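Chemist: Chain residues, written in single-letter form:
Number of protein chains: 2
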Amino acid sequence: MYSLYVVTPTNPRPPRLADLTRLSQTLRQVSSLYWVLVDDAEKPSVQVQQLLRHSKIEHTYLTYQKEFTDLNCPEGFRDPKGQLRRLAIQWIVEHAHNGSVMFVLEDSVVDLQLFEEVKLTKGISVWPVGLTSPIGISTPIISKGYVTGFHPPSSLSSNNIPADMMGYAVSVQLLRQHPQTTFHCSDESPEEQFLQRLGARFDNIELKAQNCTEIYVWRTRTKKLKWPEKVNMLKEGNHQFTNLPTLYLNVLENNRP
Amino acid sequence: MYSLYVVTPTNPRPPRLADLTRLSQTLRQVSSLYWVLVDDAEKPSVQVQQLLRHSKIEHTYLTYQKEFTDLNCPEGFRDPKGQLRRLAIQWIVEHAHNGSVMFVLEDSVVDLQLFEEVKLTKGISVWPVGLTSPIGISTPIISKGYVTGFHPPSSLSSNNIPADMMGYAVSVQLLRQHPQTTFHCSDESPEEQFLQRLGARFDNIELKAQNCTEIYVWRTRTKKLKWPEKVNMLKEGNHQFTNLPTLYLNVLENNRP
Numbered sequence: 001m002y003s004l005y006v007v008t009p010t011n012p013r014p015p016r017l018a019d020l021t022r023l024s025q026t027l028r029q030v031s032s033l034y035w036v037l038v039d040d041a042e043k044p045s046v047q048v049q050q051l052l053r054h055s056k057i058e059h060t061y062l063t064y065q066k067e068f069t070d071l072n073c074p075e076g077f078r079d080p081k082g083q084l085r086r087l088a089i090q091w092i093v094e095h096a097h098n099g100s101v102m103f104v105l106e107d108s109v110v111d112l113q114l115f116e117e118v119k120l121t122k123g124i125s126v127w128p129v130g131l132t133s134p135i136g137i138s139t140p141i142i143s144k145g146y147v148t149g150f151h152p153p154s155s156l157s158s159n160n161i162p163a164d165m166m167g168y169a170v171s172v173q174l175l176r177q178h179p180q181t182t183f184h185c186s187d188e189s190p191e192e193q194f195l196q197r198l199g200a201r202f203d204n205i206e207l208k209a210q211n212c213t214e215i216y217v218w219r220t221r222t223k224k225l226k227w228p229e230k231v232n233m234l235k236e237g238n239h240q241f242t243n244l245p246t247l248y249l250n251v252l253e254n255n256r257p
Numbered sequence: 001m002y003s004l005y006v007v008t009p010t011n012p013r014p015p016r017l018a019d020l021t022r023l024s025q026t027l028r029q030v031s032s033l034y035w036v037l038v039d040d041a042e043k044p045s046v047q048v049q050q051l052l053r054h055s056k057i058e059h060t061y062l063t064y065q066k067e068f069t070d071l072n073c074p075e076g077f078r079d080p081k082g083q084l085r086r087l088a089i090q091w092i093v094e095h096a097h098n099g100s101v102m103f104v105l106e107d108s109v110v111d112l113q114l115f116e117e118v119k120l121t122k123g124i125s126v127w128p129v130g131l132t133s134p135i136g137i138s139t140p141i142i143s144k145g146y147v148t149g150f151h152p153p154s155s156l157s158s159n160n161i162p163a164d165m166m167g168y169a170v171s172v173q174l175l176r177q178h179p180q181t182t183f184h185c186s187d188e189s190p191e192e193q194f195l196q197r198l199g200a201r202f203d204n205i206e207l208k209a210q211n212c213t214e215i216y217v218w219r220t221r222t223k224k225l226k227w228p229e230k231v232n233m234l235k236e237g238n239h240q241f242t243n244l245p246t247l248y249l250n251v252l253e254n255n256r257p
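First to last, the protein sequences are chains A and B. Start counting the first sequence at 1; every next residue gets the next number (the working numbering). Start counting the second sequence at 1; every next residue gets the next number (the working numbering).
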């Protein structure tokens, strides 16, 4: 069985293959890891499927399904990230039995040291995240072994756990005890309200990353880049019998929205 | 002995620890790899030293030395990246005997598949790089097994190899046969002129990445981010006896310019 489900939302964009290649090269080093990749697209990308097969990581590749029930969302409401996370949570509750679940963005950084700690999550675990908006660090505040607050504090309720989206994990068992609990598009702060509904409190969250003194997760962002354009290949002359058509195909095919 | 020297220029900036952690998690999977990290700083960063030790990658961590001879550079001329690459080349010529040398930026992506191919470099090897400026792909053009040009072509000479900085490797032996050859600050296109001085021609470059049909290297860029500020920690109250001082110290100490 798997001890860690890593959920990664993705969407077709120029650096996607680069970001996913790099992330897969970290995840492949973690034992008993299962990767749930959820794509904001109606059909799967051939390149992403190849990348997943090649990575040898156990995985499920989900794509956006129009017929997927979007809880509490007004008609026509567009909330791609929430949609993808709901889809992942639904899949995990239906298919998994043990282990823990964490969210990892494709262009973020996770130190390998964290995964082994996260696997030990009994209910809800929390750790610091670096380079977050607005103040650069998101973390529980620990004093004499107890959680006394959050930095920065919640804007909704002083009793909440306003963890960053990449700063917490929940156990599969806890999710299965609350099968209706997910991310709602009506939520002001979806992560925080999700954790609240699962019963997270200052006195029951488990602290990771050396008792929250180390940064093992960073919210880096890959700069937006342009798609290579086939027109540039054609400009220079006839490249029909060269490596260029294959190269452009490998980069572009099925990776555009 | 080592079969691959990876040179990475770095400088103090907010996502540095994140970028280097992620890159180290790729490089640690490559056998017989030696990492030459060259820092645009006068003294080494404690955090970077810890990261390197922890990665278990064999390495040398060089910092900018004021007394380092800056070939052909007018006095006061500032060319940090060239300076760092010259420093790395000088160190390799003095210390290494075999293997090949490639440049990898800290926020780029290299597919693990490439390293084993690069290790086989006899003289000069070249491969495609994705997400490059201005057209998104930099590659030799191959027709019927022969190099017939470059995409995009060189602006200096149609016989040159205008490879991207991350699109080539040279053997240590070739470098030692040309001990005076390095990057010059007077060069219009330093990589291209470096390869030219080492004797790279269409008919002697070795082609990697499945005969230049696959993208195994991408020039991704991590978005610029702000430093976390200690003032934010102090705003909320007295955190002297919490985890916050250690956390801020771990992120900031020795990583500011």
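Incorrect hints may have been included.
It does not matter which identical chain is meant; a pair holds if it fits inside one copy or across any two.
In silico lysine to aspartate or glutamate, EDC-like type, Cα no more than 20 Å apart, as pairs [as the list claims (entries may be wrong)]:
(1) Lys144 - Glu236
(2) Lys230 - Glu214
(3) Lys226 - Glu214
(4) Lys43 - Glu236
To be clear, the hints were calculated from the coordinates, so they are not data collected in a lab. The structure presented is a predicted model; accordingly, all values stated were derived computationally and were not measured.
Chemist: For every hint, state whether the structure bears it out.
Modeler: A quick look at each hint next to the structure:
1. Lys144 - Glu236: For Lys144 and Glu236, only the inter-copy Cα distance (18 Å) is at most 20 Å; the intra-copy one is 68 Å.
2. Lys230 - Glu214: Only across copies: Lys230 and Glu214 sit 16 Å apart there, 45 Å inside one copy, limit 20 Å.
3. Lys226 - Glu214: Classified as between; 19 Å across copies, 35 Å inside a copy.
4. Lys43 - Glu236: neither (33 Å within a copy, 47 Å between copies)
In this structure, only the earlier hint numbered 4 is contradicted, and the remaining ones agree with it.
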